[in-house]
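**Student:** Spelled out from the first residue to the last, the chains are:
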Amino acid sequence: MAEIINESATAQRGKRRARLLPAHIDMTPMVDLACLLLTFFILTTAFNEPKVMEIVMPQKGEPRDINPSKALTIILAEKDQIFFYNGFADPTEGKLPTMFKSNFSEKGIRKVLLARNKALFEKSYYYKDSVGREMGNYANYPKDSINRQLRKMKNSDKEGPIVLIKAADGVKYGNIVDVLDEMAITNIARYAVVDMNYIEKKMLKDALEGKNVEIQ
Amino acid sequence: MTPMVDLFLLLLTFFILTATFRPDEAAQVDTPTTSSEIIAPKLNVFTIYVSKDNKAFFNIDNGPDSTSHVRSKLLKNMGDYFRVPFTPEEVKKFEGLASFGMPVKDVRLWINAESGQREQLQTGIPMDSLDNQLAMWIHFARLNNPEAEVTIKGDAESDYKVVKKVMDMVQDKKIDRFNLTSTLEKVEVKPQNTK
Numbered sequence: 126m127a128e129i130i131n132e133s134a135t136a137q138r139g140k141r142r143a144r145l146l147p148a149h150i151d152m153t154p155m156v157d158l159a160c161l162l163l164t165f166f167i168l169t170t171a172f173n174e175p176k177v178m179e180i181v182m183p184q185k186g187e188p189r190d191i192n193p194s195k196a197l198t199i200i201l202a203e204k205d206q207i208f209f210y211n212g213f214a215d216p217t218e219g220k221l222p223t224m225f226k227s228n229f230s231e232k233g234i235r236k237v238l239l240a241r242n243k244a245l246f247e248k249s250y251y252y253k254d255s256v257g258r259e260m261g262n263y264a265n266y267p268k269d270s271i272n273r274q275l276r277k278m279k280n281s282d283k284e285g286p287i288v289l290i291k292a293a294d295g296v297k298y299g300n301i302v303d304v305l306d307e308m309a310i311t312n313i314a315r316y317a318v319v320d321m322n323y324i325e326k327k328m329l330k331d332a333l334e335g336k337n338v339e340i341q
Numbered sequence: 088m089t090p091m092v093d094l095f096l097l098l099l100t101f102f103i104l105t106a107t108f109r110p111d112e113a114a115q116v117d118t119p120t121t122s123s124e125i126i127a128p129k130l131n132v133f134t135i136y137v138s139k140d141n142k143a144f145f146n147i148d149n150g151p152d153s154t155s156h157v158r159s160k161l162l163k164n165m166g167d168y169f170r171v172p173f174t175p176e177e178v179k180k181f182e183g184l185a186s187f188g189m190p191v192k193d194v195r196l197w198i199n200a201e202s203g204q205r206e207q208l209q210t211g212i213p214m215d216s217l218d219n220q221l222a223m224w225i226h227f228a229r230l231n232n233p234e235a236e237v238t239i240k241g242d243a244e245s246d247y248k249v250v251k252k253v254m255d256m257v258q259d260k261k262i263d264r265f266n267l268t269s270t271l272e273k274v275e276v277k278p279q280n281t282k
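Protein chains in written order, with our numbering: chain E, 126 to 341; chain R, 88 to 282.
Hints in this document: simulated from the structure, not taken from any laboratory. All figures in this text were calculated on a predicted structure; none of them were measured in a lab. Fair warning: there could be bad hints in the mix.
Each pair of labels, with its calculated beta carbon distance range [to be verified]:
1. R:Thr154 / E:Lys195: 21 to 31 Å
2. R:Ala200 / E:Leu145: 53 to 63 Å
3. R:Leu208 / E:Phe229: 49 to 59 Å
4. E:Ile167 / R:Gly183: 45 to 55 Å
5. E:Thr153 / R:Ser155: 29 to 39 Å
6. R:Asp140 / E:Lys330: 22 to 32 Å
7. R:Pro151 / E:Gly257: 33 to 43 Å
Positions of the beta carbon are idealized from the N, C-alpha and C atoms, including for glycine.
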């Protein structure tokens with residue numbers, strides 16, 4: 126914003142010199158630029174670092190023997206539907222197990238998992254709690270050492286369920302991640318993502334039609 | 088006004104100094120939220136993206152240090168395998184680029200494109216059984232950097248079937264442990280005292 130000073134009036138007077146005024150620099154453009162840059166940097170800064178969830182897939186091949194009383198199978202279906210059944214679905218052993226319809230809320234599948242995994246969950250919860258009380262703050266304690274203890278508890282656990290996660294056609298990836306996250310939240314020691322077999326496909330079809338299904 | 092400007096400049100300095108730029112990603116991926124607090128590994132990793140419309144994209148870094156030139160080797164291998172020769176200049180330029188997703192024959196177009204036009208070329212890596220180029224990218228990535236961790240960054244709205252296919256491809260290369268990218272959402276659960 127340069128200004129042209131009309132000098133002709135002073136020039137005519139001849140000798141009179143312009144008085145030296147304290148220089149006022151116009152800062153507006155600089156402030157404009159600073160604001161612009163500030164906005165740019167605020168908008169481009171990524172605050173939350175991306176996190177990852179570790180997953181170990183079971184090796185392909187014959188599944189290992191699972192005690193039927195421990196098995197819990199979760200079946201996901203399209204439109205955010207979730208079912209589960211206990212034990213095995215083996216048509217040679219008479220009746221097929223009943224499917225239960227659940228949901229992704231706190232009172233849904235999480236409650237089931239917590240009930241089944243009560244011993245291990247409480248053990249690890251009180252361990253973390255005691256660490257927190259001992260150290261004043263849970264966050265001060267080295268994470269890797271806590272994780273090692275928790276892993277030990279998981280490996281020695283004998284009561285918790287073995288959860289098999291299966292997905293039907295049309296399931297969104299987000300649903301699978303949600304279920305895997307439930308495993309982490311409820312501290313399930315053993316779980317795996319596996320493919321559905323034909324009996325379960327039939328069971329799911331029946332369940333969607335309202336046959337042999339109960340609301341949890 | 089001076090205090091305000093002072094504050095602005097201070098904030099500006101702060102943001103300039105803390106800024107880490109988001110890498111240019113081939114597709115917009117909204118990751119699902121989980122309670123996991125593990126920070127994503129930054130180095131020595133290769134990532135497979137699955138976008139909302141079920142297209143696959145790929146990214147790999149240059150390995151443990153930049154003298155490993157993993158990206159260059161990978162591109163040369165892919166060029167030889169699919170008989171699409173790349174010039175040394177193109178290979179060098181590829182090393183500095185980020186995630187991509189297009190058939191191998193279009194990779195050259197993408198490398199030589201102006202930065203504004205690159206986006207249109209991101210059509211997804213073919214991954215059907217007749218022309219499974221994604222599996223070859225994974226194969227050669229694994230060959231050139233066996234220590235790299237695998238990350239799958241899927242959109243929450245993408246089909247599990249597609250992600251499962253990608254997981255199977257990774258497992259076929261004898262990787263059973265991998266990372267799923269997610270956004271943190273804290274969850275706290277206490278034991279219930281109902282008896």
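**Student:** If a hint holds in the structure, say so; if it doesn't, say that too.
**Tutor:** These are the hints, each one checked on the structure:
1. Evaluation of the 21 to 31 Å hint for threonine 154 of chain R and lysine 195 of chain E yields a failure: the beta carbon distance comes to about 51 Å.
2. Between alanine 200 of chain R and leucine 145 of chain E the beta carbon distance is about 58 Å. The supplied range of 53 to 63 Å therefore holds.
3. Restraint check, leucine 208 of chain R to phenylalanine 229 of chain E: a C-beta distance of roughly 38 Å breaks the suggested window 49 to 59 Å.
4. In this structure the supplied range 45 to 55 Å is violated for isoleucine 167 of chain E paired with glycine 183 of chain R, their Cβ-Cβ distance being about 27 Å.
5. Between threonine 153 of chain E and serine 155 of chain R, the C-beta spacing of about 51 Å breaks the proposed range 29 to 39 Å.
6. The hinted range of 22 to 32 Å is satisfied by aspartate 140 of chain R and lysine 330 of chain E, whose Cβ atoms lie roughly 28 Å apart.
7. Checked against the hint of 33 to 43 Å, the pair proline 151 of chain R and glycine 257 of chain E passes, with Cβ atoms roughly 37 Å apart.
Against the hints set out earlier in the document, violations occur for numbers 1, 3, 4, 5.
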